[in-house]
Amino acid sequence: MKQLDTELSKQFTLSDYVEQRPELAFVTVEKQQLVPLLTYLRDTKKYTHLVTLTAVDWLEVNQFQLTYLLHNYETHTDIGIRVKLDRDNPVMETIHHLWEQARVYQRELHEMFGIDFPGSPGVEEPMILEGWQGPPVMRRDFDTAKYSLETYDHRKRDTREPEIYMKEKLYPED
Amino acid sequence: MSFATKLMLSFLSLGVITIWGLTLNGIVAKIFARVQGRLGPPFWQPFIDIIKNNAKRTTVSHGIMFYLGPVFRIAGGIGTYMFIPAVLGSVMFSNYSVSGDVFLVMYFIFFGQLGMALGAGEGGHPYSAIGVARGLAQMTAFEVPFALSVISLAVQYHTLNITEIVMAQQGSILNWTLFTNPLAVIAAMIAMLGMTMYNPFSVVIAPQETPIGPPTEYSASFLGLLATNRGIFNAAKLVLFMNLYFGGATNIISMLVKTFAIYMFSVFVGVAFPRFKTEDSIRFFLKVPALLGALAIVVWLI
Amino acid sequence: MTDIDKIHDSLEAKPEPADTETNNNTEREWRKDEKTLTNSELSLEEQDWFCDARPQPVKPAWGPIEKFYNWARSHSLWILAFGTGCGAIELRPLVTARYDISRLGMQPRPTPRQASVFMIGGYVSIKTLKRIVRSYEQMQGPKFVVAVCSCAINGGMYWDSYNTIKRIDHYIPVDVYVTGCMPRPEAVIAGFTKLKELIMAGKAEGQNLYAEKFDWYKANQKQVIKDWNMPDYNW
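Chains as they are written, first to last, in numbering that gives the first Met the number 0: chain A, 0 to 173; chain B, 0 to 301; chain C, 0 to 234.
Not one of these hints is a red herring.
Under 8 Å between C-beta atoms, here's a sample of chain C residues computed to sit facing chain B:
| # | residue |
| --- | --- |
| 1 | 112 |
| 2 | 140 |
| 3 | 141 |
Chain B regions said to be covered by chain C (calculated; three or more residues, Cβ under 8 Å):
| # | segment |
| --- | --- |
| 4 | 33 to 45 |
| 5 | 54 to 60 |
Calculated directly from the structure, the hints in this document are not laboratory data.
Because the structure is a prediction, the values reported are computed rather than measured.
Where a beta carbon is used, it is the ideal one built from N, C-alpha and C, also for glycine.
Between the sequences and the hints, there should be enough to build the whole structure, so can you do that?
Shown next as structure tokens:
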């Protein structure tokens, strides 16, 4: 995998190479170079399978990190391409022309993180949250418990810390 | 006998046959359950279901044709029964058998389904349309061997009157069509499997995949009417088969026993076999059973 | 005092003003598909498919007849199972040889038009709540609702979820709740037995309750279903 990284580094600006297992490595790439890199990996290096496209919210550094995980069926190796996005203006190029199924991931990311993929088909359509009007729910600054308590009617329930409760029940004299 | 007395008696016999048909349905549900290792519903469950459906407080109608669908269906069921002599020689159960009633009865078997198709179509539910399309296709297919078998009987007995066909089979058990014309009986019995809509021809009412076929949109008393018709129609079909192929009945006990035995044939097959797709069942009916029916005609023509 | 207790206390207190960071997010309009339709605004073609009047409470029949009807109803419960959550897994064993609800006169019914018991199996998200309301309204009365699993009662393990309603009885009337996560099939059958008792006693009048408090239920539903894009009366 290291060999692949050095080979790619000749053409692309890569950084933060991490090899987790002999057959799995991650590498970070510039935002502008992502689509050329993916195209190169798909067409030349036989990484033909887009396993997943997911996002991580790095609230502290005000960044979103996209991970494109690719699989090579001949060598059975995976490579994850990471891209850092600005959290205030999360816009990324769509890759649905490379893998048709990517539009589902992109639609989901748009709904859950508010990351926009201009040109991706149906990216604005709601996927799970029909009629959702709050902020994107997977962003870490969205307080789901608070939202839930403010929005829905809760049934009052008695909650006890099991350890203390059992102590009171079983050994009241202590 | 006056017309009014006759009418009253035939409606009494209709009541008896309705109760018998519903009881049969209940018994069959019980048998299915026992074969699957369950206890199953009590055999009077169909009656409770009908009462409950008629006791519903609200119902939805989608127009006149929707309303008339179950009415046509039950008219088909009653019509089928009313022109068959259920018990030979009995005043009460002889009904309105006339010359040429075999064709009338065959028409009535089809009539209910067509009316249902119109009604269910107006309901507007896509599953109804699927169920109707499947039902009519399969019905057309199993009518072929059945019709051929009946024509063979007409050739054999030189009559189209059910009463006369039954009369010709009296005397000895060897006079039954079952023994005099076995090919026609085999073709008709296979057609009956399609008529009763148990496995392997149950895809029409497919209880889980497309919600119960044509009556998807029907609720409350409409459904009660359809369930009542299931009893009448089943029993009427069984009585018809008994008359045509198994020597008819001279008393009510023999009628009950024979219809029960004939029904058990389709139940045994239904319990043991998986399900055909619609196109497969059409192909099936148009191959061997249709050929057997045609052969039965040819044998008697020669 | 645990964290959960603190949150419960904050229920009584006024909601705190949001900090600046979240405020930015909530001010942005993320979705613009807010729609509110009532039946009068439907096109003529569509109006034909929906009811144009509120549900009206229906008076029960005369005493002994109603008792007889209730007996028939309780012995012929046709279930419309709505497998919203994991509790739906526990409904399958009910029809198998081991538990066999058909001996009690029950059977699963795949269309709401014919069913009399609406069975909600688990947590209810906003998206499924829309379907639940529509299915419930399409059922023909008298109709009963059995809600299974703790999620249906108080949100269960999804009590802090942004997309799950916490109690179904604010949106449709519920006759019987079955507790457990998930309840065993025996517990579900016990729930049905309880429902039978209620029906026999003439206490399961959820249909009339829904008709009488229709405005309250509709207001609750519209409060959480933000894109109300279905008619108000759809039975």
